[in-house]
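Student: If you want the building blocks of each chain, they are given just below.
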Amino acid sequence: MSESLSSEAPQASLWKDAFRTMRRRPDVILAALILLFVATMAVFPTLFTDKDPTRCIGRDARQRPDTWFRGEHPLGTDGFGCDFAATIVHGTRPTIALAVTVIVFSILIGLTLGILSGYYGGWVDAIISRALDVFIVIPLMMGAILLLSLFRGRGSSGGLLETVGPPALALTLFGWMEFCRYTRAVSIETKNLDYVTAARCLGAKDRRIMFRHVLPNAVVPVTAVVPTTLGSIIVAESALAVLGVGVQPPATSWGVLLAKGTEWAGGGYIYLFGLPLVLLILTVFAFATIGDALRDALDPKLR
Amino acid sequence: MGRYVIRRLLQGLLTLFITLFLLHYLMALSVQIRGNPALLFFGGERTPDPAMLAQVERLYGLDDACYDRTGDPCLAPFVERMQNYARGDFGTTLTGNQDVGELLAIWIPNTLRLFIFATITLVTLSMILGTWAARHHGRFVDHSVRGTTILIDSVPVFLVLLAYVYIIAVPLTNWARGIWGDESFMGQLFRPSYSADYPWVTIIIPGIIVGTVGLATLTRLVRASQLENLGSDYVRTAKAKGLKRMRITVVHVVRNSMIPIVTGVGYTFAYMLSGAVLTEGVMGIPGMGRMIFQAVQRQETNLVIVGLTASAVVVITVTMIVDLLYAALDPRIRYE
Numbered sequence: 001m002s003e004s005l006s007s008e009a010p011q012a013s014l015w016k017d018a019f020r021t022m023r024r025r026p027d028v029i030l031a032a033l034i035l036l037f038v039a040t041m042a043v044f045p046t047l048f049t050d051k052d053p054t055r056c057i058g059r060d061a062r063q064r065p066d067t068w069f070r071g072e073h074p075l076g077t078d079g080f081g082c083d084f085a086a087t088i089v090h091g092t093r094p095t096i097a098l099a100v101t102v103i104v105f106s107i108l109i110g111l112t113l114g115i116l117s118g119y120y121g122g123w124v125d126a127i128i129s130r131a132l133d134v135f136i137v138i139p140l141m142m143g144a145i146l147l148l149s150l151f152r153g154r155g156s157s158g159g160l161l162e163t164v165g166p167p168a169l170a171l172t173l174f175g176w177m178e179f180c181r182y183t184r185a186v187s188i189e190t191k192n193l194d195y196v197t198a199a200r201c202l203g204a205k206d207r208r209i210m211f212r213h214v215l216p217n218a219v220v221p222v223t224a225v226v227p228t229t230l231g232s233i234i235v236a237e238s239a240l241a242v243l244g245v246g247v248q249p250p251a252t253s254w255g256v257l258l259a260k261g262t263e264w265a266g267g268g269y270i271y272l273f274g275l276p277l278v279l280l281i282l283t284v285f286a287f288a289t290i291g292d293a294l295r296d297a298l299d300p301k302l303r
Numbered sequence: 001m002g003r004y005v006i007r008r009l010l011q012g013l014l015t016l017f018i019t020l021f022l023l024h025y026l027m028a029l030s031v032q033i034r035g036n037p038a039l040l041f042f043g044g045e046r047t048p049d050p051a052m053l054a055q056v057e058r059l060y061g062l063d064d065a066c067y068d069r070t071g072d073p074c075l076a077p078f079v080e081r082m083q084n085y086a087r088g089d090f091g092t093t094l095t096g097n098q099d100v101g102e103l104l105a106i107w108i109p110n111t112l113r114l115f116i117f118a119t120i121t122l123v124t125l126s127m128i129l130g131t132w133a134a135r136h137h138g139r140f141v142d143h144s145v146r147g148t149t150i151l152i153d154s155v156p157v158f159l160v161l162l163a164y165v166y167i168i169a170v171p172l173t174n175w176a177r178g179i180w181g182d183e184s185f186m187g188q189l190f191r192p193s194y195s196a197d198y199p200w201v202t203i204i205i206p207g208i209i210v211g212t213v214g215l216a217t218l219t220r221l222v223r224a225s226q227l228e229n230l231g232s233d234y235v236r237t238a239k240a241k242g243l244k245r246m247r248i249t250v251v252h253v254v255r256n257s258m259i260p261i262v263t264g265v266g267y268t269f270a271y272m273l274s275g276a277v278l279t280e281g282v283m284g285i286p287g288m289g290r291m292i293f294q295a296v297q298r299q300e301t302n303l304v305i306v307g308l309t310a311s312a313v314v315v316i317t318v319t320m321i322v323d324l325l326y327a328a329l330d331p332r333i334r335y336e
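Going line by line, the protein sequences match chains A and B.
With the numbering used here, the residue at position 185 of the first sequence is 185, and numbering never jumps.
With the numbering used here, the residue at position 312 of the second sequence is 312, and numbering never jumps.
Because the hints were derived from the structure by calculation, they are not lab data.
Fair warning: this is a prediction, and the values are worked out from it, not measured in the lab.
By construction, the Cβ of each residue, glycine as well, lies at the ideal position given by its N, Cα and C atoms.
Be aware that a few hints might be false.
Some but not every residue of chain A turned toward chain B, in silico, with C-beta under 8 Å [unchecked claim]:
1) L36
2) A39
3) M141
4) L146
5) T229
6) S238
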């Protein structure tokens with residue numbers, strides 16, 4: 001089996017192999033479709049609804065979605081008469097934007113600090129390792145709650161940055177450690193390998209060695225944890241919103257919808273809670289499935 | 001070994017000290033930027049008499065001038081705080097004026113009980129599921145175990161709790177009490193909220209629910225490390241000797257795959273406190289998570305610092321125990 005594969009693709013790289021293995025799994029394809037759907041919703045909300053989520057008519061409040069996916073309000077209206085389908089669709093962008101921002105900045109911070117501490121060692125390593133310890137000791141949710149409550153501003157109804165900024169900042173500050181640990185371990189492992197020594201003998205500068213020779217080794221372990229982390233950021237955002245310290249209400253996100261939905265669910269308007277919940281679980285599930293498959297595909301031990 | 005332990009202890013103490021200082025600085029910044037919590041004493045909107053305000057600030061230890069200068073790290077109050085902590089005096093709460101040390105004696109055991117049940121659930125479930133999946137590697141059981149654990153992990157734990165408390169708990173309690181009676185173990189087990197009269201029984205269910213956090217990760221870890229062992233030479237030898245499958249699984253595979261699992265459990269333990277915030281809030285358990293959240297909301301500087309430091313101590317200790325357990329589990333690992 002493995003022989004026929006390797007003769008088929010003599011030039012196969014780790015990434016190509018991984019992609020080929022992933023493509024064959026039905027669960028991965030399903031997850032990719034879900035993510036594609038969610039991403040489209042975040043980027044082009046107008047494809048899914050022509051209503052404005054901020055245009056609310058009190059007269060139409062609390063219409064149950066009796067005519068599913070058809071009629072004036074395909075998913076009914078919420079407690080203030082806003083079209084619920086439009087609210088969900090427009091709430092997707094902040095949620096996804098937050099998750100992507102947090103992951104991008106966490107990876108950047110983690111990679112930079114990890115490679116600095118792993119490559120230079122000595123007192124740089126000592127300082128960064130202590131910082132790592134300090135941030136690991138304070139759990140993510142606690143840290144985020146602490147920062148967000150201590151420096152809570154007024155409720156913002158402004159642009160995307162103003163809405164998503166504070167929770168994104170808090171989650172990034174307590175989310176970079178995993179990436180830093182992986183990169184540090186990889187750097188320590190590879191900095192004394194023969195090809196790195198060879199590069200140094202040829203007169204390569206520290207910066208070149210770090211980014212051209214050491215850092216590429218960290219890409220695989222870091223990529224393998226990215227999808228799962230994205231899922232957990234979405235969950236953390238919703239938890240913060242339910243606690244009332246995340247994205248602040250005039251703006252929407254899935255977490256805010258869930259937080260509002262819990263108040264209505266008991267009174268028979270379970271769709272206000274159920275629909276965002278289903279969307280959230282599906283997305284997190286899709287991220288986790290892809291993450292799981294990606295780790296397998298990128299792990300040479302499990303081949 | 002002894003030197004290693006001492007070095008780790010010193011490192012832990014340093015981490016703890018930095019954490020304390022960082023928390024102190026954060027809280028000082030918050031007082032400087034957001035306004036003095038002593039104002040809360042007068043009930044929010046009213047502007048109190050300056051002399052009275054000064055009195056209350058002195059009462060709460062917020063009278064130092066540094067609290068008026070934004071960005072000042074407030075070193076003098078920090079040193080004072082450290083001296084008080086070193087003497088075992090953890091101060092009092094702003095609302096109710098209770099002794100924090102006494103309160104901790106109530107909160108910490110509750111949270112620990114929660115963690116014990118959560119850890120037991122997590123370890124048992126993931127060991128059984130992971131072993132099962134590894135034995136049926138690549139077949140239907142393997143795929144369904146993975147799919148199910150990922151799905152369970154995808155549902156945010158606080159939503160499971162809300163669903164349990166509002167939908168399942170009351171009918172289940174009524175059913176159990178109808179059969180076994182009010183005061184029995186089963187009658188108390190499914191209660192939708194914590195009861196101080198039954199501190200162990202009423203924490204079991206929330207513990208089990210918290211224990212499902214990280215199930216997919218740990219099951220995955222168990223499965224992967226067992227697969228590695230299943231393919232190893234000593235397992236082949238054991239098979240060739242004609243040992244029973246059960247014996248091979250328990251003695252040769254499970255025992256040798258404990259190392260990554262111990263690490264996994266150690267790290268989930270550190271994350272459990274995050275889960276504890278919402279769990280304790282929903283179930284009304286007077287524990288560390290709920291109290292820290294409330295303290296943060298009320299700007300109770302002292303309570304926040306003490307609470308988070310206590311959790312930091314737990315995390316540092318657990319990580320150290322995990323590292324020491326390596327040596328016990330794998331005789332090849334030696335600490336110099």
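Student: The structure should be examined with respect to each hint, and the outcome stated for every one.
Tutor: These are the hints, each one checked on the structure:
no.	hint	result
1	L36	18 Å, violated
2	A39	18 Å, violated
3	M141	3 Å, holds
4	L146	6 Å, holds
5	T229	11 Å, violated
6	S238	6 Å, holds
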